[in-house]
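Engineer: The primary structure of each chain is shown beneath.
Number of protein chains: 6
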Amino acid sequence: MRPNTVRSIWKSGGCVVNGWLSIPSGFAAEVMAHQGWDSLTVDMQHGIVDYQQMVSMFQGISTTSVTPMVRVPWNDPAHVMKALDAGAYGVICPMINTREEAEKFVGACRYAPRGYRSSGPIRATLYGGPDYQAKADDEILAIAMIETKEAVKNLDKILSTPGLDGVYVGPSDLSISYGMGPGMDHTDEKRLDLIMKILKACKKHGVHAGLHTGSTAYAKRMREEGYQLVTLLNDSRIMAAAAKAMVDDMKGLKPVAAKAKAKGGSVY
Amino acid sequence: MRPNTVRSIWKSGGCVVNGWLSIPSGFAAEVMAHQGWDSLTVDMQHGIVDYQQMVSMFQGISTTSVTPMVRVPWNDPAHVMKALDAGAYGVICPMINTREEAEKFVGACRYAPRGYRSSGPIRATLYGGPDYQAKADDEILAIAMIETKEAVKNLDKILSTPGLDGVYVGPSDLSISYGMGPGMDHTDEKRLDLIMKILKACKKHGVHAGLHTGSTAYAKRMREEGYQLVTLLNDSRIMAAAAKAMVDDMKGLKPVAAKAKAKGGSVY
Amino acid sequence: MRPNTVRSIWKSGGCVVNGWLSIPSGFAAEVMAHQGWDSLTVDMQHGIVDYQQMVSMFQGISTTSVTPMVRVPWNDPAHVMKALDAGAYGVICPMINTREEAEKFVGACRYAPRGYRSSGPIRATLYGGPDYQAKADDEILAIAMIETKEAVKNLDKILSTPGLDGVYVGPSDLSISYGMGPGMDHTDEKRLDLIMKILKACKKHGVHAGLHTGSTAYAKRMREEGYQLVTLLNDSRIMAAAAKAMVDDMKGLKPVAAKAKAKGGSVY
Amino acid sequence: MRPNTVRSIWKSGGCVVNGWLSIPSGFAAEVMAHQGWDSLTVDMQHGIVDYQQMVSMFQGISTTSVTPMVRVPWNDPAHVMKALDAGAYGVICPMINTREEAEKFVGACRYAPRGYRSSGPIRATLYGGPDYQAKADDEILAIAMIETKEAVKNLDKILSTPGLDGVYVGPSDLSISYGMGPGMDHTDEKRLDLIMKILKACKKHGVHAGLHTGSTAYAKRMREEGYQLVTLLNDSRIMAAAAKAMVDDMKGLKPVAAKAKAKGGSVY
Amino acid sequence: MRPNTVRSIWKSGGCVVNGWLSIPSGFAAEVMAHQGWDSLTVDMQHGIVDYQQMVSMFQGISTTSVTPMVRVPWNDPAHVMKALDAGAYGVICPMINTREEAEKFVGACRYAPRGYRSSGPIRATLYGGPDYQAKADDEILAIAMIETKEAVKNLDKILSTPGLDGVYVGPSDLSISYGMGPGMDHTDEKRLDLIMKILKACKKHGVHAGLHTGSTAYAKRMREEGYQLVTLLNDSRIMAAAAKAMVDDMKGLKPVAAKAKAKGGSVY
Amino acid sequence: MRPNTVRSIWKSGGCVVNGWLSIPSGFAAEVMAHQGWDSLTVDMQHGIVDYQQMVSMFQGISTTSVTPMVRVPWNDPAHVMKALDAGAYGVICPMINTREEAEKFVGACRYAPRGYRSSGPIRATLYGGPDYQAKADDEILAIAMIETKEAVKNLDKILSTPGLDGVYVGPSDLSISYGMGPGMDHTDEKRLDLIMKILKACKKHGVHAGLHTGSTAYAKRMREEGYQLVTLLNDSRIMAAAAKAMVDDMKGLKPVAAKAKAKGGSVY
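Residue numbers (the working numbering), protein chains in the order written: chain A, 1 to 268; chain B, 1001 to 1268; chain C, 2001 to 2268; chain D, 3001 to 3268; chain E, 4001 to 4268; chain F, 5001 to 5268.
Careful: at least some of the hints might be erroneous.
Unchecked claim - Now the stretches of chain E that chain C is said to cover, found in silico as 3 or more residues with beta-carbon under 8 Å: (1) 4044 to 4057; (2) 4069 to 4081; (3) 4105 to 4117.
Read the hints as simulated data drawn from the structure, not as lab findings. C-beta: ideal position from N, C-alpha, C; glycine also.
Taking the hints into account, I'd like the entire structure generated from these sequences.
Structural biologist: As structure tokens, this is what we get:
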């Protein structure tokens, strides 16, 4: 089976630089796959992406050695299993708030007896190789999003779920859940504490920690802190910010915080 | 945030004339958006529409000032949240039969602490404006379908769900649930009573009442009775009926009840 | 080979009632195919339709006994041959102004030695049957649009093109070409004379005459005059007009000339 | 209502030869529909197929008399009902392990009072006819997959679910569930016993038994044993195996077990 | 008719800041439409865009006030007219090398008697308004690409073509035609002279001059020189360059000429 | 630049085993790309494939080392150049009957000064590498179809066209052109002579010779004769024939000439 680069980087103690795809286009995904990312995650939750587009995007990514992952729209075995059969090498699942939810999610990623994934890796076998089914349970990553007060409360129970490979922190939902507004790259004490608390719990349980960020500065800082996977914005926001900066330059507008003001992106 | 016309019409005491879209085409949606409707609802339940087409249809509608709404296929946060992120200004959810189901649905439409909608309004921010996330909970409409005997039994509990903006009556399912056949524009006492009973309960709870109808005559009658949103058939049935009438005219067929017999439509 | 209904109707002296499809949706096409039309023409010229959608629309039509035809975007063998291979039983070609253009068009519809159509009827064989290739040249209709002053000038030369089965009058382009505005259903002497002149020339040459119309009244009149195929508006205009009439009724707007004012349609 | 051929064959004591579609293309489905299958099942679970493609595939199938069925991705009323509204004449539902799950599934296939299917058969009425809604509950097939140890344990409870028309055995998942690897066409005693045990239970409960197979030899054997519906691989595996055999022949490679080694297929 | 902003800017003596779209996605186009561009050109020649995607992209753009334009793949009336019917407010046509080619192109953009555009502005009327057909010939822009030695030789003849609104310089093809490699933003004397020579000829003939550029610095310089429309790279290259810069920053790679090296873009 | 395997095989004196794709699906293309073909040609002429699907199919193929080629629908620079920009490593052009047509075709495949291909290899650079534009003219294959009596008459003139890399014989059109019916794998003297005559002329001019065949037996025979590229049927015919053979086996039908009778294929 084609090895999972994310797992390899983690084994070697490195931090994965992950890109995030919201534009429903196999071509745009292929362009992104040539920019140096370690992995690319197709965002089926907040991206403008459904199943058929996800497959095209996986094909675009699969023309390179970048590892394809997915964020599913919800903790639903239909989404998880279809993404895996199509070749996802990692699944990020939003809103895992309890141990029960974590088990339901992880189980959907693994064949019996470890889980209840149904057998039929139609494109995964093409991508991964003929021994896919024998090795998938050891290669595929199951990553739960921790992004609510409830999840933080249940952190130990969630992180001790057998087979859970990592967590992914959604800073915007986490912030909203704690009564603060949406946004990323938090530096205030309260939210920074939360982000560090989750990281520490991950280390304790031997679970890998990932984080969505809005800048290389923050991503580097969190990599220093110990996060093992960092995402930078997403394709549409990167494009929007860069385009806006160029237009502003042409029009003599002050590029003050061009990125923050760029429309067309969303806040995670 | 771009204001929600449906809400504005309701505030001014008016009744919304709503169109219904089942043809999976952004172009057809844009054509419909130029015919004078106050709002257009993309029907993901019984229409031939999935997510990617819904987005195209929203884009077609968004070239005009008509308010885009959606009927989701089922009470599932994945459907509700993806539709909202794509720019739906109202969500109609089928088969809400209990208070618990109503709460699950309304919660999916609202950010914490009012609900559990996940943060990432990727196209909604483009459509609604940069203050979308701050104001969405007050603008977006959560509308529950009342269309079963069980729902009628639980009417008060459902209608008192905090954050529920309206109900939408599905006359065909309601009729079937009471042991009568499918169909719309019921005038028999039993079903008319049901439709009035729901309306009265709505008025009591300050929840807006909407209804699917099959003719302007019935829609006007129900508007008189107090319904605040009326839908007229859908795009494919309107097209089918008008086309059939023309063909029948050419072929010398009697246009007797052409509309009722027109094939290609479905019965709600 | 499945017989061509248009040809059968013509043989029996009848007039074909033809529908016109501009909405890019196999479902919308299937709905239209159930309304009683003798044939349906997918409009690749002015409709929002490209090749892949045309195939889906042919599939929708092919679930019924309605005959599928196509209007190609231009007199280009690539368009003509791909439409035929996909199962078109008739091709309407715009802007045929000279004998040379007519020969180029008809040749693209016929295999050697009658023409230069390339061999590969991939879906046509599924639709037409295993003897498709042996009989296609006798069943498939090649119909040239007469819609310019130049075409009228060259009428006899065009109509005597071997293998030309019919002409189709585009009243809007014809009118523009003669210095009058766009529009259909002309009743002024000058344009009516043109439409009759083309009809007479067709009769003289044994070529079938078709016309695009905007109402059943005009279509019936022209059928009386001898036109053998009449089209009524198109799917999007029929839908738009009927929807607008309903909305106007709801809003108390006068339905004066609702059809003429309906937006969303185009003028042929 | 257009009769359901699968039901007719069963009534006459025959065994249905079912094809399986994983390629997301209405054209490929139409090609398959011309090869003699009694029914074709669109695989939305492990096939590369989502809703919009399923509709196109149904249209391709509906140009012939082959009966269209679907395997939904999961036991979710949204999937089941949308497939039925689009014209599926049978629904195969994966991973039915308990009586409760069976009831939830069957209920989604039937209108009240037999179930809770919502009214709106938008394309089903086009395909099935104007009396679709009156007769659908008697024609449409609800088929539960038995593919886990738990399901075998609950066999009698599942098979006695009112309205359940058939079961479909997934040999690969069944094998995995019993601790053996994936694969089909099992001939070892343990798994053969399981397959026979399920068959016998079906006979006892008057429920029809179907099976996924990997060869005509095994399919014929199981037909002899009493299975009433047999599927042969799927479109992509059939294509892959035949293509590989031709390439191997050209390259002088030994065609040893070409089929088994063909890549591009999946194992059910 | 909705006015053409490009024409308005030109009338007021301004220079249009034009964006360029190669990603086949209505969503990506809508995101770009929010970044401040005066106009956006859908590139059907070298972009990964065909007709159906162009329509979706126009719909995305039409949700804003940005002016939609198109570059067609070749000087073919089928491409030009379909793009105009779909709502393009300007057409850029590649490889116009002779007066005859210029006349063929301009004629396809205008109704008779100015040209030979066929009547049927199906979406253009929705976008432009009901008086579209009366005013289109005065609002729609016909812009010829000057990008070969032959075109430079025929400059006066091309620029004096009646109805030609502008030229668009393709610096990469122009350079190749003169025996130098591909690329943009030329500053060597030979190619700069060419670019100035074309500009001067435009001024002499009262034709507007546009240029494809690779940076705001060069675009500003050319705006100073008198170019009235400047394009900056395209969507995919902007995204690729910005993404690569972020990844390089994370990986400690020197961002030397990150933009120039970014893969995924093409050279015009 | 990624080397062109077809060219490498030719350099080493080998014969290319080429697959042919008519099913519009990136997934089906990816499946085919795993079966051992040296190259795969996307058939945009007689396949059910347009531009957007071709790109997806190229992406599917590009996940492997199989060389992607295309057959364009007609000798039109718009088709040729868009296919090349999307990453085609070889272009097969139908119906090249004269030297002038050959030059027009070859010129569209080469940048100036060798031809007039426009600069913008948007996906080709991703696939081929950053030096694509410098080397493309030496790697990309221009292959003309010889398939008419006229082409045979002009054989020497066509084959001496500078830059022409190969010819591809379409046996069905060739046969029709000589007054015989469609079909492949001709063994009668007259047509065999033609096929040998073309081969000899190719050898004389140093142009590579390719042929479409319907069986491995005939392909091997022609490989022996000296043909350097042989194609075997296409994806849909291979699938159809194999499926029909299985169904016939199940139904006890004699598999006599199953392949020849299989529906769903076309005849080249």
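Engineer: Each hint: holds or not?
Structural biologist: Verification of the supplied hints:
no. : hint         : in the structure
1   : 4044 to 4057 : holds (count 4)
2   : 4069 to 4081 : holds (count 4)
3   : 4105 to 4117 : holds (count 4)
In summary, this structure violates none of the numbered hints.
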